[in-house]
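Novice: Okay, here's what each chain looks like letter by letter:
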Amino acid sequence: MAKRKLKRVDLIFSQDCSCKDILTAALKKSREEIIQELIDSGLKGRGGAGFPTGLKWKMAAAEKGNRKYVICNADEGEPGTFKDREILDRVALKVLGGMALCAYVIDAREGYIYLRYEYRFLIPKLEKMIETFHKWMDEFDLDFRVKLFIGGGAYVCGEETSLIESMEGKRGEPRNKPPYPTNQGYLGKPTVVNNVETLVYTMMIMRIGAEEFKAMGIEGSSGSKLFSVSGDTHKAGIYEIEMGMTLEDFVKEFGDGDTKAVQVGGASGFCVPRKRFKETTIGFQGGLKGFSLPTGGSMMIFNSSRSMYNVLHNYLEFFEEESCGQCTPCRVGCQQLLKGIEAIKRGEKSHRYLNDLMRLSETMKLTAKCGLGQSVANSFASIVENFREEMIY
Amino acid sequence: MTVKMINLTIDGKKIGVPEGTTLLEAAKLEKVKIPTLCYHDDLCIAGNCRVCVVEVEGWRVLPAACATPAMEGMVVYTNSPLVRRARRDILALLVSEHSTQCTTCYRSTNCELQELAAEYNIDNEIYINLIKDKHFTIDRTSWAIEKDETKCIRCQRCVRTCAELQKVNALDVIHKGANMKIATFFDTVMSEVVCTNCGQCINRCPTGALTERRYIDEIWDALGDPEKHVIVQTAPAVRVALGEVLGFEPGVRVTGKMATALKHLGFDSVLDTDFAADLTIMEEGHELLDRLKRKLVDKEDVSLPLMTSCSPGWIKFIEHMYPDHLGHLSTCKSPQQMFGAIAKTYYAERKGLDPKNIVNVSVMPCSAKKYEANRIEMNDSGFQDVDLVCTTRELGHMIRQSGVDFKEIPEAKFDPFMGDSTGAAVIFGATGGVMEAALRTAYEVVTGREVPFDGLNITPVRGMDGIREAKVKLENVLPEWSFLEGVELRVAIAHGLTNATQIMDDVAIGNSPYHFIEIMACPGGCIGGGGQPIPTNAEIRRKRAEAIYTEDEKMVIRKSHQNPEVIQLYKEFLGKPLGEKSHHLLHTKYVRRERV
Amino acid sequence: MRTRQSAVKAAVEKHGKERKNLLPILQEVKRSKNYLSRSDISDVAAEMNLSSAYVYGVASFYHFLDLEERGQNIIWICKTISCYMKGSKDILLALEEALKIKVGETTSDGKFTLLQTNCIGWCHKGPAMLINDQPFTDLTTEKVLNIIEEYYQKS
Chain A
5 MAKRKLKRVD LIFSQDCSCK DILTAALKKS REEIIQELID SGLKGRGGAG FPTGLKWKMA
65 AAEKGNRKYV ICNADEGEPG TFKDREILDR VALKVLGGMA LCAYVIDARE GYIYLRYEYR
125 FLIPKLEKMI ETFHKWMDEF DLDFRVKLFI GGGAYVCGEE TSLIESMEGK RGEPRNKPPY
185 PTNQGYLGKP TVVNNVETLV YTMMIMRIGA EEFKAMGIEG SSGSKLFSVS GDTHKAGIYE
245 IEMGMTLEDF VKEFGDGDTK AVQVGGASGF CVPRKRFKET TIGFQGGLKG FSLPTGGSMM
305 IFNSSRSMYN VLHNYLEFFE EESCGQCTPC RVGCQQLLKG IEAIKRGEKS HRYLNDLMRL
365 SETMKLTAKC GLGQSVANSF ASIVENFREE MIY
Chain B
348 MTVKMINLTI DGKKIGVPEG TTLLEAAKLE KVKIPTLCYH DDLCIAGNCR VCVVEVEGWR
408 VLPAACATPA MEGMVVYTNS PLVRRARRDI LALLVSEHST QCTTCYRSTN CELQELAAEY
468 NIDNEIYINL IKDKHFTIDR TSWAIEKDET KCIRCQRCVR TCAELQKVNA LDVIHKGANM
528 KIATFFDTVM SEVVCTNCGQ CINRCPTGAL TERRYIDEIW DALGDPEKHV IVQTAPAVRV
588 ALGEVLGFEP GVRVTGKMAT ALKHLGFDSV LDTDFAADLT IMEEGHELLD RLKRKLVDKE
648 DVSLPLMTSC SPGWIKFIEH MYPDHLGHLS TCKSPQQMFG AIAKTYYAER KGLDPKNIVN
708 VSVMPCSAKK YEANRIEMND SGFQDVDLVC TTRELGHMIR QSGVDFKEIP EAKFDPFMGD
768 STGAAVIFGA TGGVMEAALR TAYEVVTGRE VPFDGLNITP VRGMDGIREA KVKLENVLPE
828 WSFLEGVELR VAIAHGLTNA TQIMDDVAIG NSPYHFIEIM ACPGGCIGGG GQPIPTNAEI
888 RRKRAEAIYT EDEKMVIRKS HQNPEVIQLY KEFLGKPLGE KSHHLLHTKY VRRERV
Chain C
372 MRTRQSAVKA AVEKHGKERK NLLPILQEVK RSKNYLSRSD ISDVAAEMNL SSAYVYGVAS
432 FYHFLDLEER GQNIIWICKT ISCYMKGSKD ILLALEEALK IKVGETTSDG KFTLLQTNCI
492 GWCHKGPAML INDQPFTDLT TEKVLNIIEE YYQKS
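Listed in order, the protein sequences are those of chains A, B and C.
The first sequence begins at 5 in this note's numbering and counts up one residue at a time.
The second sequence begins at 348 in this note's numbering and counts up one residue at a time.
The third sequence begins at 372 in this note's numbering and counts up one residue at a time.
Hints in this document: simulated from the structure, not taken from any laboratory.
Fair warning: there could be bad hints in the mix.
No more than 27 Å apart at the CA atoms, straight line, and that leaves these computed lysine-lysine pairs for DSS-like [said to hold, decoys possible]:
1) A/LYS181 x B/LYS380
2) A/LYS11 x A/LYS218
3) A/LYS151 x C/LYS391
With the rest of the complex left out, here is chain A (with noise of 0.2 Å):
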């Protein structure tokens, strides 16, 4: 199994590289010379579903017509995460820079920062940023503009065609797929939408090469990747580290000493047990055992004093109210799941109504319409699995 030291990383925070030197080099380049690079480099999408960002453009390039959209998808609201509204705080401009970089690839004059309503205070600054950007992008004679876009407060916004959904008035309920946005998005037109962390890696890989980039990490999980670290730690904050390190090398450097579990990738993401940190390696491939999904970075750190049952117990609870609910195994299926777990802690089901939930959890997997509904079993069954006796005592 391929892992990696867990090495610090200094790249999207970086301040010894201009963004306008960054664009004034890669607007050289050709459209199927970026996109080529972005294949080479292995870039994921680091907003959760990990799709290789340059084939995404490269999709949306191929689309004919003379409308498309380039989103840029900064409603982080995985719990354990808040890496974005540092990236957009503090280096925005490189945030913008690959959005322009997108535009140009693929031929879009808007483009969009779809900002989760909590992050409203960060309106003053991002206007301002965008002012300048709008500057630069006169200079460098490219037709293209962004616009704020504030979120209504739903989770399920960060589903990238519920977020198109809510940007077009309505409710934000994730589409049947396909179309896929690069072919029918925002308003029937080719759209990319991109995490705000994604689109920062795309202008660093054109500052390094795609060579460099896909040097750091592991096979499959090529490059860097911000990790939210928070819960039971000293060290609680934001963290770029390489891709592929193990789970048990960063319990070292961010536990307290007396780390339970964590939490990978949110409530979305899975839980580890102490006994699986070592087989554990954060990268993109598999999911419980040996390696697991990074999703958006967020890393829960939880010592031996939290009740698991608790932890899933607000999980749940935060499932059973962001599901959209038009689809029937997330939304009744996660209102089981809570009810199931009270239920058994109370004593008025069985133990053994944890396997028929675990069942549900499954199905849930299978057949719920979009990611939010499909990873509820992540948590859930990671939980279950390694801390069965807490469910039940």
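Given chain A, put chains B and C in place with the hints provided.
Specialist: The following block gives chains B and C in isolation, referenced to the frame of chain A:
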């Protein structure tokens, strides 16, 4: 243009389907039925119930067959162990959020959830009953529609119906997560919102969440009361659909059996709304000619085009949505209400009955008729003109309750005296029918000749296109109508309120090229009404419409102005069309309403 | 006809009548008095030629489009596990006591409404809360009372 073919394998069989075919459609072509709940032939794809999931080789998840297009090389299993398990789970989840008191549910044995739950042998005890902790209500405020949240499965068919087919949007999805539900504006009661009572949501509700408000018990009570003289009138569209709830295939005409059954139920007089439909044509036809005369000769500022007013769903729609344009509506009451007003005056007089002892029952393909009968304007006889309205479905229930063997009973005729009708009246039941009936009469009044269409069949106004139009040139007119000489009468027909909106938007800006417009709230006209048997789809509606036109062909008299009882009514009672008595009993006015 | 609120008219005029502008319009209308009333919703619907039920359905989907009357300042305390682990419950209790209201309620002088919300993105500095748009982090029961006092003086 050649359509690209997609090759895939379904349940081990290799097939080719045109590009764009969904897995659900592809399976259907192979005679494999994939269960569905949120899917409906008449509506756009939602893909939210997830009951139609299938397994596709190499896919991480089970996609919904209704929302997934066939793709090249796909290997699909519609009935694998994984699929069956997932479907069972999903159905069990739906059941856990659903009132399972099926024994007392009006839709029992006609419920899609019940059918699937039985098919998959769902264990009601697996999951925790979620209903207990929710504050669900049953809304019985509307005269026409009952909304029972405890039976709603959130498939959103009603929401799509209300938005796509009717453009009313009285119902929508509110809140999210566990609290997500279907509701009106701020969860206001149904009687206080923009709902037109058309009942199309009822026709598409897979469960008993939306039903018509029933009046079966009240009707039985009246029938059992010796003091009461209970009259029943049945609308034209009922006779071509009632069979569906009593064991017949769609499109079978059961007019004679229905008359027999109604007599068996104990009605004192079994009469026909068709009689009043002919009467409507007399009044409305003359109203059209009168407006044309006032416009063309007297140069008065009258509202044209004239628009029909037989469909109470349409009436409430225009009152809410276009309150500034009510002048376009014909002032004629609908046939149901004309019938009611005449029954409690003329009929009572001739039969020597005290109108206060008359109970007017009507059997309608419609839920909005229940509301119409209770409008405060509808008391011109001095009493509530029509007392109790039941749907085709309710009559089916009553006939079953009565023990009559509907399949075996002989045929009978309607009772005389307001039981006579013409082919023109029968076709009121299908979209375009009122227009055709009106043209048959108006043309003849003006020219003295029959309409110039083969066998009186004005085919351009027939069919199922959402909006249709026709022109009839008036030539060699009778001297008194000389101002119409050479006028090309332009007419249009729309059914379904979304189509009505298209027409109405032109009318509203004074840009409508027509003289006369027929609008029916429901797709297909009354044959597709909100009180008709469930299920409904284009094919079923087409069969019912065909039956309507067959019924017309078989009638001896096919023009309203030749209905002998109508002629007699004018002679003995009303005087002439648009006369003073007509004006009092047969015409009405409309109300401006808010759009909330 | 009721005279439409000028706030609604102005918002619709500013953003445009197309449906895609519904969220910005609702947000703007909400800002004038911290919540959306029945008539706000129906006025927006009428101005934009949408159905009232539709606009209500959209508004009710979003957490921050409040549909109930709110105070001048809305306090949103994060209820996610990371803040919970750092003692958000104590902050909540302190606020309930100081403001003499329960979660979901508004003070009798109309100055504060106390609510909970999901992760607001300050997990490394929990417990955290928003007052209107402004985040406050690393809260202690003492700190939070000072913050409230400041807002109290301001309003």
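Novice: To test your reading of the hints: which numbers does this structure violate?
Specialist: none
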